[in-house]
Each structure stands twice: as structure tokens, then as C-alpha cells.
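Heads up: the protein sequence lines correspond to chains A and B, in order. Going by my numbering, the residue at position 261 of the first sequence is 261; the numbering climbs one at a time, nothing skipped. Going by my numbering, the residue at position 474 of the second sequence is 1474; the numbering climbs one at a time, nothing skipped.
Just so you know, the hints here were simulated from the structure itself, not pulled from any lab data. The reader is advised that the hints may include incorrect statements.
[Claimed, not checked] Selected chain A positions facing chain B (Cβ under 10 Å, derived; list incomplete): (1) Tyr-55; (2) Ser-254; (3) Glu-274; (4) Tyr-301; (5) Gln-304.
For glycine and all other residues, C-beta sits at the position ideal for the given N, C-alpha and C.
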Amino acid sequence: MRKNKLLIGFFLALLGLIIVEYYIYTNYSKLTRETIKISFVVSDDNLDRWDNMQYGAEAAASDNDCIVTFVNSPRDAGPEGELDVISRQFSEGADYVAVASGYYGKVRELVKAKSFASSVIFVKTGNVKSDYNNLMVDEYSLGRDLAQHIIDAKESYNLLLLGGSESANANLAIDGLKDALDKSDIEYELALSKDSAELVNNVYQLRYALRYDGVVALDSATIDMIASKKDYLLDAISVYAIDNRQESVYYLDSSLVDALAYEDDYSLGYITVEHFLDGKSLTRIAKGVPLYYIVDKESMYSEQMEKVLFPFVK
Amino acid sequence: MIKFNLINQLRKVKRASKRRSIQLVISLSFTVVAILSMTFMAFAFYTNYINTARQSSIDYNEQVIDQISWNLNSYLRNMMGVSNSMYYKVIKNMDLTSDPIENMTKEMDLLYEANKDNLISVACISQDGALISAAPIATRKGGVDLTEQEWFLNTEERIENFHFSAPHVQNIFESSNYRYYWVVSLSRSVELNYMGHTRRGILLVDMNYSSIEQMFSKVNEQGMGYVYLIDSNGNIIFHPKQKAIYNGLAKENNIEAASYDDGNYMENFDGENRAVVVKTIGYTGWKIVSVVPMSDLAVEYNQLRVFMLIIITVTIFLILFGNLFISRIVTDPIRQLERSLTDIEGGIFDAEKIYIGGSHEIRHLGRTIKSLVVQMRNLMDEQVAEQKEKRKSELNALQAQINPHFLYNTLDSVVWMIEAEKYPEAISMITSLASLFRISLSKGSNIITIKDEITHAKNYLAIQKVRYKNKFEANIKVDPAIENCITIKLIIQPLIENAIYHAVGDLDDEGIIDVEAYEKDGDIYIEVRDNGMGIPPEVLENLLVEKTTSTGKGSGIGLWNINQRINLYFKEDYGLTITSELDEGTTATIRLPKLTYDEYMKGAEDEKK
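Pulled out of the complex, with its shape left as it was, chain A reads as follows:
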């Protein structure tokens, strides 16, 4: 009788042990690490412009069991549309979402109220002094460094700072430009156009006002407008631009633009993914890494600038 009890006890203990170990086996013996899904939501109608950021994000994700997805939220959809896209990423299994928002302030407030707020960071757009999770280029320093480049080039003494629209980021760059130019003997005027007609008019002003020997295009629309009217511009007018599209690199290569302030989206994408994967703070990863460059024709084919300006082969 005692032996029977012993045997029953033994088999019960063995059964318990096997159940516990089966649980351990199924939960702790996975061959693959858990895949982390990161979505980038960009406020744009065209995803091609975000190639560089995508390359950077994918490079950081490689060998890390991480899937990176880029989705765009059309500008027409507004902040609510952007929030819908962000929410949808989480409902479709994203672990983290990085947002390059066209409506930073509003979207940020909307996201803050959501349960997934801690899994969202803002990239490229935001407030450099914000305590909220964001990674962006120091636009003020970019403007200041571009202004310093203009000052050092000594080719322009009457500048028109020309922009197509107002944005927080552009304002920071303008502040940087103005602060640096104020300390030099260069005169400047700021002309921000609210519509394309006004912008065209401002470009013609360059030609016919005869008082400018340089222009700083503050955004993509302005540099495209200047490029389309290049035949009207005097050769004596130097063109500087703040843009990071492939078109602007071409303008630089074809000598339409004398210097380009170029934001390194590759690094932004890379740092963002690394932040999600390693949990390190954005500023810590970004420390010492240049997120923008002032490039001219001479330096654009240097070993380093080549890799910054030209997206890697497709």
C-alpha cells in the first residue's frame, strides 16, 4: 500500500515536472527572436522623398529581427487623418511608430491623449527644445551655418531670404540665418510668399529689382521655382538653398545652386530605429552625429558627401 502511494506520488510529481518544463520549453526556447515592427508615418503625398530615411531605418533594422514600414499620410488628410494612420499602424501590429508630421503641434497633442503615446516619436519635425520624444535637425544651427558659409564665400552682400510658406522649422532656420547675417555686413530682406503667384513675383523681383546678388531658397517649392526661372536670373545672383531632395543635389551639381543646406535623413531614420531597438535616448545616439551638412560644388563629390547626398544604389 505504501509502495503504491509512493508510485502514485512519483508519477504525479513527474507529470507536474513535465508540465512545468513543457511550459518553459514552449515559452523560452524560441529559435528566433521576437520581430519588432516599426512604422514610419510621413506627412507627404510622395514617399520617394523619404528614400534616404528609409535606407537609414532599414540599415539599422537589418540583422535585428526588425521590420520597417513606411506609410504616407496625404497632406489633405490633416492632423486627424495623420492620427488615423498612426492608430492604424498599432492596430495592425506595429510596436512603435515614428512620425514625420506635417502638423506637428496638433498631432502631438492628439497622440498625447492616446494609450500608445509612449510608443510614438516625432522625427524631422518638432521642436528642438521640446521635452517630448522627438528627433530633428537643429534648424537654427543649420540656418546659422548656411549664413556663415555665405559670409565666408564673400559673393553676396544683398540677400533675399525667399520662402514659400511658413513653418516652425523654417522659422528656426530663418532665425539662425538672420542672427548670423546680422553680425556681418551682408544686407538681407525676408520675403515669405503665401501663394505661388506671390512666389513667382518674388523670383522675378530678384531679376528686375537689381539690388540682390544672392537668394536663399528656404524650401523645396522656392528652389524649384527659382530653377524653373533660371533663364531669367542674372548669372551674378548666387543661389543658396535649404532642401534635401535629389532635385536640389542636381541643382547643386549643375551649378544652379551655389551651396545647399542638406539634412541627413539617412541618419534620422537610422537613429530612430536604433532608439526603438536599443532603448537608448535619441539625443544620446545622435550625439556627435551631424544631421545636416552645408555642401557646395567642390565638396559634393568628396568621399563623405557622396554618401550623404546620393542615395545608395537601388
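Using the hints, position chain B against chain A.
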């Protein structure tokens, strides 16, 4: 309840560990040996598996590298073939003074069309940097000085070789669609023929970097780790995180890798152990480096680790229980035998209770012990019997002694009777004395019939009555049914003697001594009652206690002797009891088994057997 049991079990284990029981020793030593062996085997198996898996991974990477090396070699050879074809079949046969340049361009176009997946452009440049011909037809960029290009300088420096540049963006030709190409420039020095005069020029084949990138990317998408390509100085030609490395966001051990010969290595870089395989590409001096972080390999071992842990714990559990169970089976007979020995130690010599079971050896041991116990018991029984007989003899001898005073007094009385010419009384007294002696002797037998014992008592009373001048009255009443039953001789006479000496002998009134023998409950009772002064309780309680020496009159040796003799001849249940009341008298009661002489003899013989 569980707690109680657990505590009990723990106590048992503690006790067992102190005693170092055979079961504990067996199960513990077997378990320790089994666990050590199993751990050793598991460790050896695991280490072997890890090493094999690691080697397999390295082998796989070597295969991958061989494959990619073959592909890259093939690609580069193909590009060198393009360069050779262009040079030996076209440029070398052309006189640039007389032959139209279009012919060269046409040939270049044909070659380009045939290899355009891998080629970006082909160009022939004069020594002073002038573009002689190029394909596909494109506009040369303004402001680009070809003589300052790295590939141009390298070729001019060493005219005998093919030169492979680092990847760079091609910036010789205008791009109409904002499209820039990453290329690796393959350049060589060529001889240009101008009316028989030879001048040096450079043939440039811009290979599509995308082809190399795709080759490596395809490999990097599969398997563990990654593969990168460096030139002989360690400059990165391809790396999946090339740009991140240039930006300082990632690190690579490319400079040190350039010093590695072909083979596999273990290196520690940036705090990480990595398996590295290196293979050099001919012509170029480029090195393909495959890197597998050991942490990636470790992921694959997790399942094995958990699986082995499960197997080990279950096996340990089984071993533990199996050892306990088997050791219990082995040691149970030993334990039972030990219990039997404990009984023997406690004086229980019951051979039938000795455990005989278990394995052959234990059974043999049990049987041997049983045999020893039987022998011991026999020896002890013999010794006890001897002692008993000796004791009986001693007691009988003691009892058989005739008080010399009694004999002297009796004979003195006989002399007095003869002197007084009371011959009949003298004859009666001598007859009684003779009968007394006859029964005392009883042919040496200690067992006589009650009838003879009563006769002996009567003779004694007859003598004493004469001596005491009939100072007391004696009544003897015997149930005739028990007259032929046996008794030990000389057990009533000492009681009568005590009654005379200590009770009625000194009475002022007439003393009465009643002797009664009767049967009750299958036993025989013989009572000797007197009406004397009785015995004080403190004296009474010590009357039957053994005394080594006689302390004179009333020492009680006679009573103790009677009791002992009865006990020796019969069981402890039988014997002598004395009750007394002061001023009332004393009753000595002998209890005997009701046995005939034949029955007694038969029982004695059975006991001897």
C-alpha cells in the same frame, strides 16, 4: 498535515543521514555518480554540439563566401573581358588619325548594349584628359577635370595593371533625369595609335556598383550575420551599414580585417565576440569578410539548452526516484533482518520470527542467524534446565535435612518413655519416626503422592504431639479424590512445624492445627491453619522473600524454600501463600496442579524433549 509529514520525512532523512543507512548510502552514491556522469555527458554533448554547430556555421559562411567570391570574380573577369575586348579588338587596331572615331564609339555601344546590366559607361580618354570616345553617348559634364579623378591618377601611376577604384558616384557625364550612378571604375592604360605613333591613353570601364551591391545584399538577406567587402587597405567597398559607418553611427573592424589572411577567425570587436571568415579576390586584392556575431549563434542554442535542461531534470528525477526505489528493494530485507536481530538483542530468541527473504545472500544470512538462534536457545534451555535441576537439588537437600534438635528431642522422648516403661508409646513414637524417615527418603524421589505427604505429616504430628504433651489438637482432612495426586515431598511438614513452633507451641490455651487438602478449579489446595497469635504484616510480607542466610528461629527460609521448590517443579502460578490475622491465626496455602504421577512424568519427559 502535509507540513507534519514533510517535517517527519525531513527528520527521517536527518536520522538516516546520521545513521548512514545502507539505503541512504546506496541511493546517495548511485545518484551522485549518475548525476555526475550525466552532467559530464550532457556537457560533452552540448560542447560538441556547439562546436559542431559553430563549425557548421563557419563552414556555411565559407561556402557562402566561396560562392560570392566566385560570382564577384566572374563579374570582374567579365568586366576585364569587356576592357580587353575593347582594347585588343578595337583600340589597338585603330589609327585615331585616319579611322573615324565613330567606329570606336560604335564598338563601345555594342559592348555596352551587350553588358548594360553590369556597365554604366565605357570611355577612352587621352593622356591629357580629353574624352576620345564614350558609350552610352552622353554629354560630358562641364568643369570636370578627368586628370584629377582618382582612377586616372592611379592608372597613370602604374600603367601595367588593371585598376579598380573605390565605389564613387560617376560625375563625368550629364544626367538628364537627376539620376546618379554609383560605379566602380575599372581603368587601364592603353596605347593609342596616331599614324604609327603611340601615345598613352586610358580605357575606363565604369562597372555598375548596383551589381556588386545586389550580390552582397542577396547574401546578407539570408542566414546569420552579414558579409562586407573591403579593399586591400581596409576601405569599405560594400557594407550593409556603409553610410552609418561613415556617419559614425555604426562601427566595423574593417582596418584590422584587411590584415587577415584567408581563413576563419574569432575576434572581439566593440565588446562582441564574432566568427569571421575572410576570402581574398584575385586581381583586385579585395577581401570578402563574413561576420557572424556569436550572440546570433547563441539564439539557435537556446532551444537545445532548454531541451537539455528538461532532459537532465527529468532524468535526475527518475534517477533519484529509481535509486530510492531500488535501494529500498535491496535494503528492505536487510532492514527486516536487522529488526529480527534487534529482537534477539532484546532477548527474544524466537527462531520463527527471524526474517528470511530478499536476495540469495540475505536469505542465506537469515537462515544462518536462525540456525544460530536455535542453537543458542537450546544451549540456554539446557543451561536453564541444569540450573533448575541444580537448584532443585540444593533446595531438596536443604529441605531433607532433619533438624538435629527434632531428632534429639524425639529420641530423648523415646528414652524417657522406655525408662518409664511406656513401651507401647515408645514403639508408636519410633514407628512414626521410622515412617517419617521412610517417606523422607521416598527412594530418592522428590515427587510423592498427597497421601504419602499427608502420612508424613501425620507421623510428624504424632511425634510432636508426644513431645508437646498434647498441648495442641491436629485435624487432618483430605479429599480422597486427590490422595493419589502428586505433590513435592516435605512441604506440609515444615508448615506444621512452623505452626507448632511459632503459633500453638507456646499457647496457654489449646492450640489447633488444621490440615486440609482439597481440589478447587482443577488445582489442588493444601491449607495448614493454626489458631496462634498470627504474624505481624511487616513480618508476613517478607516471609517468602529469598534469604541467603538463616537468622535463627523464624527466619522464613523454610517457607521460601517450599515456594521455590513448587515454582521449580511446576509453573510460577503455583506455590505457597500465607495469610494471617493477629490474634486469629495463620493460614499457609499450597497450590499445586492436579496431576497424577503418570501425568507428571509424561509432562516432564515432554519438557525435556
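Hints and how they fare:
Because the beta carbon of A:Tyr-55 sits about 7 Å from the nearest beta carbon in chain B, less than 10 Å, this interface hint is met. Annotation: interface hint on A:Ser-254 holds; nearest CB of chain B at approximately 8 Å, less than 10 Å. Nearest Cβ of chain B to the Cβ of A:Glu-274: about 7 Å, under the 10 Å cut. The hint holds. A distance limit of 10 Å between C-beta atoms decides the matter here; for A:Tyr-301 the minimum to chain B is near 6 Å, and the interface restraint holds.
Checking A:Gln-304 against chain B by beta carbon gives a least distance of about 6 Å; that is within 10 Å, so the hint holds.
When held up to the earlier numbered hints, the structure conflicts with none and fits them all.
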